[in-house]
Structure formats: C-alpha cells, structure tokens
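Peer 1: If you're matching them up, the sequences are chains A and B in order. Counting from 1, position 163 in the first sequence corresponds to residue 163 in the numbering used here; the numbering is continuous, with no gaps. Counting from 1, position 337 in the second sequence corresponds to residue 337 in the numbering used here; the numbering is continuous, with no gaps.
It is worth saying that the hints were derived from the structure and are not from the lab. A few of these clues could be false.
The list makes no distinction among identical chains, and a pair is therefore deemed to hold if it is satisfied within one copy or across any two copies.
Only pairs whose alpha carbons sit at most 16 Å apart, straight line, appear in this in silico EDC-like list of lysine to aspartate or glutamate [stated by the list, open to error]: (1) Lys105 x Glu358; (2) Lys249 x Asp106; (3) Lys40 x Asp106; (4) Lys306 x Glu289; (5) Lys197 x Asp288; (6) Lys197 x Glu289; (7) Lys351 x Glu233; (8) Lys197 x Glu311; (9) Lys82 x Asp99; (10) Lys77 x Glu57; (11) Lys102 x Glu148; (12) Lys66 x Glu121; (13) Lys90 x Glu203; (14) Lys128 x Glu253; (15) Lys128 x Asp151; (16) Lys66 x Glu316.
Number of protein chains: 2
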Amino acid sequence: MKNLSRRSFLQNVSMGAGGVAVAASLPSFMMPPANDAGKKLNIAICGLGRYGNYLAEGIAVSQYCKVAGIITGTPAKAAEWKTKYNIPEKNIYNYQNFDEIKNNKDIDLVYVVLPNAMHKEYTIRAAKAGKHVIVEKPMAITPADCREMIDACKTAGVQLAVGYRLHYEPYNLEMKRLGQEKVFGQVRLIEASLGYKTSDPTEWRLNKALAGGGPLMNVGIYCVQSSRYVTGEEPISVTAQFGPITDKKLFAEVEASIAWQLEFPGGAFSNCTSTYNCGIDRFFASADEGTFELSPGISYGPFKGKTSKAELNFPEINQQAAQCDGIAKIILDNKQLPEHINGEEGFKDMKVLQAIYEAARTGKKISLV
Amino acid sequence: MKNLSRRSFLQNVSMGAGGVAVAASLPSFMMPPANDAGKKLNIAICGLGRYGNYLAEGIAVSQYCKVAGIITGTPAKAAEWKTKYNIPEKNIYNYQNFDEIKNNKDIDLVYVVLPNAMHKEYTIRAAKAGKHVIVEKPMAITPADCREMIDACKTAGVQLAVGYRLHYEPYNLEMKRLGQEKVFGQVRLIEASLGYKTSDPTEWRLNKALAGGGPLMNVGIYCVQSSRYVTGEEPISVTAQFGPITDKKLFAEVEASIAWQLEFPGGAFSNCTSTYNCGIDRFFASADEGTFELSPGISYGPFKGKTSKAELNFPEINQQAAQCDGIAKIILDNKQLPEHINGEEGFKDMKVLQAIYEAARTGKKISLV
Numbered sequence: 001m002k003n004l005s006r007r008s009f010l011q012n013v014s015m016g017a018g019g020v021a022v023a024a025s026l027p028s029f030m031m032p033p034a035n036d037a038g039k040k041l042n043i044a045i046c047g048l049g050r051y052g053n054y055l056a057e058g059i060a061v062s063q064y065c066k067v068a069g070i071i072t073g074t075p076a077k078a079a080e081w082k083t084k085y086n087i088p089e090k091n092i093y094n095y096q097n098f099d100e101i102k103n104n105k106d107i108d109l110v111y112v113v114l115p116n117a118m119h120k121e122y123t124i125r126a127a128k129a130g131k132h133v134i135v136e137k138p139m140a141i142t143p144a145d146c147r148e149m150i151d152a153c154k155t156a157g158v159q160l161a162v163g164y165r166l167h168y169e170p171y172n173l174e175m176k177r178l179g180q181e182k183v184f185g186q187v188r189l190i191e192a193s194l195g196y197k198t199s200d201p202t203e204w205r206l207n208k209a210l211a212g213g214g215p216l217m218n219v220g221i222y223c224v225q226s227s228r229y230v231t232g233e234e235p236i237s238v239t240a241q242f243g244p245i246t247d248k249k250l251f252a253e254v255e256a257s258i259a260w261q262l263e264f265p266g267g268a269f270s271n272c273t274s275t276y277n278c279g280i281d282r283f284f285a286s287a288d289e290g291t292f293e294l295s296p297g298i299s300y301g302p303f304k305g306k307t308s309k310a311e312l313n314f315p316e317i318n319q320q321a322a323q324c325d326g327i328a329k330i331i332l333d334n335k336q337l338p339e340h341i342n343g344e345e346g347f348k349d350m351k352v353l354q355a356i357y358e359a360a361r362t363g364k365k366i367s368l369v
Numbered sequence: 001m002k003n004l005s006r007r008s009f010l011q012n013v014s015m016g017a018g019g020v021a022v023a024a025s026l027p028s029f030m031m032p033p034a035n036d037a038g039k040k041l042n043i044a045i046c047g048l049g050r051y052g053n054y055l056a057e058g059i060a061v062s063q064y065c066k067v068a069g070i071i072t073g074t075p076a077k078a079a080e081w082k083t084k085y086n087i088p089e090k091n092i093y094n095y096q097n098f099d100e101i102k103n104n105k106d107i108d109l110v111y112v113v114l115p116n117a118m119h120k121e122y123t124i125r126a127a128k129a130g131k132h133v134i135v136e137k138p139m140a141i142t143p144a145d146c147r148e149m150i151d152a153c154k155t156a157g158v159q160l161a162v163g164y165r166l167h168y169e170p171y172n173l174e175m176k177r178l179g180q181e182k183v184f185g186q187v188r189l190i191e192a193s194l195g196y197k198t199s200d201p202t203e204w205r206l207n208k209a210l211a212g213g214g215p216l217m218n219v220g221i222y223c224v225q226s227s228r229y230v231t232g233e234e235p236i237s238v239t240a241q242f243g244p245i246t247d248k249k250l251f252a253e254v255e256a257s258i259a260w261q262l263e264f265p266g267g268a269f270s271n272c273t274s275t276y277n278c279g280i281d282r283f284f285a286s287a288d289e290g291t292f293e294l295s296p297g298i299s300y301g302p303f304k305g306k307t308s309k310a311e312l313n314f315p316e317i318n319q320q321a322a323q324c325d326g327i328a329k330i331i332l333d334n335k336q337l338p339e340h341i342n343g344e345e346g347f348k349d350m351k352v353l354q355a356i357y358e359a360a361r362t363g364k365k366i367s368l369v
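Only chain A is shown next, with the shape it has when bound in the complex (with noise of 0.2 Å):
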C-alpha cells in the first residue's frame, strides 16, 4: 500500500508528472514559502511503529515541520531515531517520563501515533503538558472518549486537529469540490471502498482493546470520511452488515469485512465496504449530470481519478509531509484549527462508526440525528 516518494515534496507540489508547473491549482499551503527561512513547527512523535516512520519521513521532506522529539517505549528505536533525525537526547522521552515535556521549549506540538486505545492518554497527557496535538485517525474509540479529548485540549489552551492525510491530497480535494459544489449536479450515490489483506495474528490492530475495531475503525473510516466531505453532509441513518469471518483465528477479536449504507439529509446514499481479506482502493460518486472517481485514491497513492468528462491529472504529492504542513500553517500563523480539521472532526468519524457497529450488530437501521 505505501509507496512514498522520496523526491522532495517542494519538487512534488511544484512541478506536476509532465514537468508541467501546477502550484496554482494546489492549496496554499503547498506553495513554496516566501521566505524558507521561516518558523518551523517543532513536532515530537508519541508512537515509532510503521506509520510514525511515514509520519517522520514526510515531516522531514516539510516546509513547516521538522521532526524535534520522539517518545518511545524501545530504547533501539530512540538510538536510531536519534541519528536518523538528528534528535538531541534531551527530546527524547519514554511514556513513564513523558510528562516531563512540559517544560521543554523545543516541542511545539505531540503527534500522537499510538494504537487507537491509546490516543485518549496520550493526547491528554500532551495537552496537559501545555503541547498542541495531532492525533491519528480513528482520533478514539469511543465518541465520549473523543469528546475528553477535545475538552482536555481547551482547558489546556491547546490546539487538537486528526491526522487526516486525504484532507490534503489534490485528488481527494477535488472529489470534495466536485460534491459540495455541485459541478455534476445533486450527488445520489457513494461507494467508497478500502481494505487490504491482513495476515500477522499478532498485530495490535487485530486486538480489539487497542484497535476498538477491525478494518472499520482502520481503513473503513476513509470511506465515511470521503462520503461526508462529498457531500458535505452529515448522515441521517446507518445500516451495516458483518462480512463472513474466513479466518477465525486471525479474526477472533476484529470483524474481517465490514459493508455500510449511509443516508444523507440531500438524498444521497452511499454504499461502502473495508476489509482486512483483501486489497481494494476505490472511491465513486453519481450525480444527477455525471460521475466522479477515484481508483486507486485513498490509500498513499500514486492516485488514478476521472469524471464522465475528463481523466483527472494531479501531481503525486507525500500526503504525510501536505498534512503536517497544512496544520502547522495555521498553528503558526496562530489561527485557529477550523472545525473539519480538529477534533470535532474525529467526533464526528467516530460517532458514524459507532453507529455503523451498533447496526452490524443489532441487524437494525441506526438512526443518527
């Protein structure tokens, strides 16, 4: 699934794949920076496992980002971290000594990577330390636990926005233009699907008390992401259903598939899968004057998308580095994180999925407003 590009992301965003410069079609924040010598956003990772290093990687190919601090349980990891990002050993803390970041100037901002149960501890320990917070997605497992999260960051005067990478991607952006602003009319139907194939009994994602889920709370929280951001809408209705358990063994704790129906309030209706049984990566819209697509165009991409009128042509971008990046803008800039990108956002998620089990479980339709 990952596939990072290592040409620096300057490069990405400014030049498209046929040597063609698209910096204007692309956000703001992407465009090369007036002055490169500005502030940087000083970012501690909580969490080194595969993600943190996609995280890192991007980071160091930022405009406004760099990797200042880590917080590890694996001495191993810390030593190579250390020298990878050039990390002074006072930046480096464990999860018994994390606190101490508190008083520690050079750490702006606690990215959060740890498994899903985790990130309520550890967002609050980090707001409490005074430090703004990114928190991957799924920001929780529970909406109360993600409604905490975002009291504990404004009692702390802090900044809290989810690692939603695709909030950045061009492809992902256009989809959301395409959507919201009606290019092909009223959007009347959604299928946004993304798994991939999981194998490893001993991965955390595949223990329920630090997953909260299986593929839903992994990937399948894309395709909510993707059919609310279309839309531009919150759904009314939830139905859900379990796939078969093909593997008891790996699947014990976590369903393997998962498919959902989302009704929204304009009429849409959307139709979407994840599953740890196999690859799949496409998104879809139908409106009343066209479609809409992308495929592959939710994992990391290269992405493939097109209308009923055109192939659409964006330039691969590092979505970790466009994430960070896009974040960090605002908080230096100090602004406020708007609602889609802090943790109201991850509420919102979380509140679907919580539905979207509750109506796989209880074979009803789960009512969301």
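Following the hints, put chain B in place on chain A, whose structure we already have.
Peer 2: Frame of chain A; chain B shown alone:
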C-alpha cells in the same frame, strides 16, 4: 446506455479493435460458420418495446437466427416491423390470436420481451403452441412463476432459455473464468453496481404489478448474476437495504435504489447496488492474489476491463446477436440447453431477488440454504 454497433457481427467477432484477428479467443458459437448456408432458427419476437427493437437489430446481424415473426398489440408497429424485417403477414400475431402460432411451421421459437409480469403467461402459451422459448430477464416476478414456466416447457417438450446477454460477452466471460478458475486465488470481495436515471413516470418499469419491483428486477439482477458466475456458487445468505426515495411520485410503487450483500460458501462477500436514481456500471472482484474489474462492464458496452496485472482488450460485440446465436446453435444442433442457460438459471436468480426484497423489507438476514 444503448450503443449498438451497426458493424456486422461477423466483422466484430473476427477482428479486434486494432484489426488483429482474435477469433481464436472467442467461444465456439462466435466463430465464423464453416458453411454460411446453414439453417437458421426462426424467431418470433413477442413484445416490440425498446428492448424488442434492440433484439431484432441483433438478430438481423446474427449467424444462426432470423426475425421470422412478431407478436404485438399495436398495428402501427406491426406495419413498421413487417417492412423493416420483411416479415410475411401470416407470421404477424396479436395477443388474442397468438395461440394460433401453433400451426405455423415458419416459427421455431418465441422470444418473450413483454413486461416482467407477463413473462409467465406468454412463455406458457408459447410452450403449449409447441415453440421453444427465450424469455427476457428477469424470467418472471416470483420463483413459483419460474417453476411453472419450466414445468410447462418440459411438459410441452420445448426448450426454455433466459435472455442473459452477458453470458456471451467476452469481458464478462473473462471475469467468470478468472473467478471460477481462481486465476488470482479465492475471490474474497465482489462489488457490482448497475443503475441509470429514470424520469418517465408512465414507464411500465415503475409499475409494480407489471415490473414486479424496481431497479433490482431490471438491472440489479445482473449484479446477482455476476456475483454468482464469478464465484461459481450460490449465495447462502442475503441482507439488503432500500435507498432513500428522493422522488415520491416517480417511486410510488418500486424502490428508487437498493443495496444488498451476498455471502457465498467459499467465503466470498458481495456488496451490490442498483438504482433508477443515477448512472452507475461497475464490476470489481478482489481475490487472494489480485483483482479484476470492468467499468463499464454490465450495460451494452463498449466495455473497459483490467486485472491487477494487465489491461483487458476484447472485441466489442453485438450482445443481443451473440446471445441469440449462442442459444440457437444448441437448439439447431438438437442438443439440450445446459442449466446455466435454461430456465433453472432464471429460477435461481429469482430466488435470490425474492430474498433480497424480503431482507430489505424486514431488515433481517435471509438464509438461502
């Protein structure tokens, strides 16, 4: 949706788009005949609506079939068809004198293309008149009706086929082969969706008594079909959900949209949608070692397909001609139609469609075993 090629069928099947001979990769009934002077199956078309026209145009360019007669209640249509297809007056029937076709040696087979709810009556009347029958899909509006039709044809000693045009379409035959031969391993997930925008409130397809149901009966049946022929299995359970009714006048009697999920004994999970609310035409399968897909791939073509390894490139064919030739060849050879072509296939689909409606109405998972 309709994009009927007027190039001759023979030309289409013997040459690929690039002018390269591809006949060797086509089913045997599509091969140019050894002797063009061979006998043809004389077909009377019963019902001269839009699809009756498509069929006649296909038959006119077929190898083994001829438009030999018509059954219509509209004298103006009779006159028009008489000229267009050079049909002798004695081979033109109306719905009252239709049974006299029994004495007409010029007619071998009646193709029933009436509204769904009339399929049963005219199939049984044709059988009693000693004529073979092709009945358009959906075969009828209940499984019990399908069974009566099968029994009536058996009693009369005539053959009964269901008009599944995609059983003869190269891209769909390839999907079937890739799935059933497990070329990419066991299929885990299928997504199949077909829909178009309906706007004419007088259309019989919106009348429940005539159509038996909405888009599921008309186009969703293709998604049930592809799920069945790609897995080569019968579903063991069904869940389903009606989509929102966005136009209460148009959809006063039948569903506007419907989604459903099928579980197969080998572990495949199929999530499908059909709609009269907007355009959609996609088939996708993900297996243990790869994916294969068509889009468009269910409507009348031209189709596009690919696997995770390569683009697919098959000739565009006249689907109606190919289907009629496929059935005619077997009948002309005095062989029995195999089960995946005869009435049993229509009965199997109708059982699934009935369960989908029951699941959508009750919100319950319906067992099919």
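Peer 1: Against this structure, judge whether each hint is valid.
Peer 2: Now for the hints, and whether the structure bears them out:
no. : hint            : in the structure
1   : Lys105 x Glu358 : neither (44 Å within a copy, 63 Å between copies)
2   : Lys249 x Asp106 : neither (45 Å within a copy, 64 Å between copies)
3   : Lys40 x Asp106  : within (11 Å within a copy, 86 Å between copies)
4   : Lys306 x Glu289 : within (14 Å within a copy, 26 Å between copies)
5   : Lys197 x Asp288 : between (35 Å within a copy, 8 Å between copies)
6   : Lys197 x Glu289 : between (36 Å within a copy, 10 Å between copies)
7   : Lys351 x Glu233 : within (14 Å within a copy, 37 Å between copies)
8   : Lys197 x Glu311 : neither (29 Å within a copy, 23 Å between copies)
9   : Lys82 x Asp99   : neither (20 Å within a copy, 89 Å between copies)
10  : Lys77 x Glu57   : within (15 Å within a copy, 70 Å between copies)
11  : Lys102 x Glu148 : neither (20 Å within a copy, 79 Å between copies)
12  : Lys66 x Glu121  : neither (24 Å within a copy, 76 Å between copies)
13  : Lys90 x Glu203  : neither (31 Å within a copy, 75 Å between copies)
14  : Lys128 x Glu253 : neither (33 Å within a copy, 59 Å between copies)
15  : Lys128 x Asp151 : within (11 Å within a copy, 77 Å between copies)
16  : Lys66 x Glu316  : neither (22 Å within a copy, 55 Å between copies)
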